[in-house]
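So you can see what is in the structure, the chains are spelled out below.
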Amino acid sequence: MLAGRPVAPCYTRRRLHVVVPGMPWAAVERATVIEIEGLSKLYARDVFALDDITLHVDRGEFAFLTGASGAGKTTLLRILLRQELPTGGHVKVDGRDLVALAAADVQAYRRALGFVFQDFKLIPRKTVFENVMFALRILGVPDVQQRRRTFQVLKWVGLQHRANAYPVELSGGEQQRVAIARALVNEPVLVLADEPTGNLDPDLALDIMNLFREINGTGTTVLVATHDRELIRHVGRRAITLDHGRLVETA
Amino acid sequence: MIGGLKYFLSEACLSLWRGRRSSVLSILTITIALFVLGLFLLLSANLERTVSEWSRSAEFSVYLRDEATPIERGAVERGLRADASIAGVDVVTKEAALARFRRDFPELVPATLGAPGNPFPASFEVRLGSSAVNASALETLATRLRTMPGVADVRYDRQWLDRLASLIVFIRWAGLSLAAVLVLAAGLTVTNVVRLALYARRDEVEIMELVGAPMSYIRGPFVCEGIIQGGSGAILALVLLRAGLDLARPPLAAVASGLVDGNAIQFLSAGMVALILLGGMLVGCVGGLVAARRLR
Ligand SMILES: Nc1ncnc2c1ncn2[C@@H]1O[C@H](COP(=O)(O)OP(=O)(O)OP(=O)(O)O)[C@@H](O)[C@H]1O
Ligand SMILES: [Mg+2]
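Same order as they appear, the protein sequences are chains A and B. Counting from 1, one number per residue, gives the positions in the first sequence under the numbering used here. Counting from 1, one number per residue, gives the positions in the second sequence under the numbering used here.
Excised from the complex, chain A in its bound form:
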């Protein structure tokens, strides 16, 4: 499947150094990328989607977030993407306190992350190339650099020949690779993925996981939520297990 792709990633960790105004901390390197202390999330009364979670993910780490359906994986990732605010506790990502993050800074915070969704979330009206380039455009990267970098990342996921196709013209696996390219193109410190292989068949799932492994190989911190224990065993990395909103084990 990924045969046509170069084994060594063309993607390097040379940062674009897009310094977001008013966010000087973006340049500060920290040992811990995700710091979660006593985090809880209550949707309805007495129903904890997350219950007193304390968790650290170090820079350059690759971790799985697993657990049965309804365990709270998506809830945790939504909090990390600042789509949801926790009911209690503290969350810091790369030193940024997400609870204290002003509404006006949320978009800028998200621009510094990479996120991959189960349903890809590609803009149907835009071509593959435009979808990926979009993440750079909103960062204000110069035009020429946008194109070069987009092409580079598309090549890395092995889709440079489909650059002008629209998402509907791609298979699920290809769409997810485009989504991964988009999550990477801004050279994020942290890539989050919620069931990125949930809509794909097992072979493709492994391909996608290999992509995440390669991303991690360049030093990017990766956190992937999945309930596929088989896949986790296959990849063999740290697994953070949730059960009914509680942290069960982190092995």
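Treat the hints with care, since some could be wrong.
[To be verified] Over the 10 Å line for every Cβ pair with chain B, so calculated as not near, a few chain A residues: (1) V47; (2) D52; (3) H56; (4) G172; (5) L200; (6) D201; (7) G236; (8) R246.
[What the hints assert, rightly or not] With the Cβ distance kept under 8 Å, some of the chain B side facing chain A (calculated, not the full set): (9) E204; (10) L210; (11) V211; (12) G212; (13) A213; (14) M215; (15) Y217.
[Stated by the list, open to error] Simulated restraints, written as ranges between beta carbons of each label pair: (16) G219/A / A274/B: 55 to 61 Å; (17) A102/A / L43/B: 49 to 55 Å; (18) D246/B / R147/A: 50 to 56 Å; (19) A44/A / A274/B: 52 to 58 Å; (20) E230/A / L289/B: 48 to 54 Å; (21) W17/B / G219/A: 42 to 48 Å; (22) R147/A / R249/B: 56 to 62 Å.
Derived by calculation from the structure, the hints in this document are not laboratory data. Keep in mind that this is a model prediction, so the values were computed, not measured. For every residue, glycine included, the Cβ atom is placed at its ideal position computed from N, Cα and C.
Chain A is fixed; fit chain B with the ligands onto it per the hints.
Just chain B with the ligands now, with coordinates in the frame of chain A:
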């Protein structure tokens, strides 16, 4: 900055095209609202101008008794010249009045002037100043002059013109109120049409939010869409007004030739045109903002 504007514009145009039915609807509501506004402005401006022209040529004459003494005449003339709203005073002697009558109505001369002597009184014909004439002050002056010795009569036919002017003011306010209601309705239509466009693209908007696009970047195209709708509506309304005026000119000239010169009807001033155009765009902008504000 320029790149952003280009992006807003192209996105807005695309969205307008995709929802062309509702876009046309909202452009038309703006057109109607601004057409009504423009029509009332056009009417009131032209009526006002006509009335002020009539006012300028309005007659203000002071007729003197034949037996008035030179001192009395002098007092009346000084009283007139002292008034600020009076531009000039022409003295018309009895002889001049008779000569003018002979000249203007030669066919009436044998019938009316059979008897010897001059029946015409001497008078002061007053030329009034510009339109900024204070009507009530003139009225007071007329009343005062009537009581002066040597004055037979004062004719001042400006009163009805002043009433006409206040009628025009009323027409203008009625028109503005009607237009305000229509503009509000148009604004609501734009809001809803933009909201529809937003709804049609909610998935895309959600994706942009999740990827971290700045809110201004997400809202921009929708606000732009509103502005384009408002601007197009305004342009359409102005074109219709212009065309309507050109069409109405010949029949108007035929019907009201005695009152107004059809060709003297003027289109809205450049300032008014700009006002309507900017007003349309502003209404569209507000509509787009209100719709896009609901994004988070
Ligand atoms: N918006 C919401 N409102 C109310 N309850 C919610 C909401 N989202 C999630 N929940 C509840 O919170 C709990 C955790 O849900 P969550 O989606 O985080 O689980 P998950 O681990 O991602 O499950 P899955 O593997 O099925 O995706 C569930 O009991 C769910 O019903
Ligand atoms: Mg989930």
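* Violating hint indices (sorted, rising) -> none
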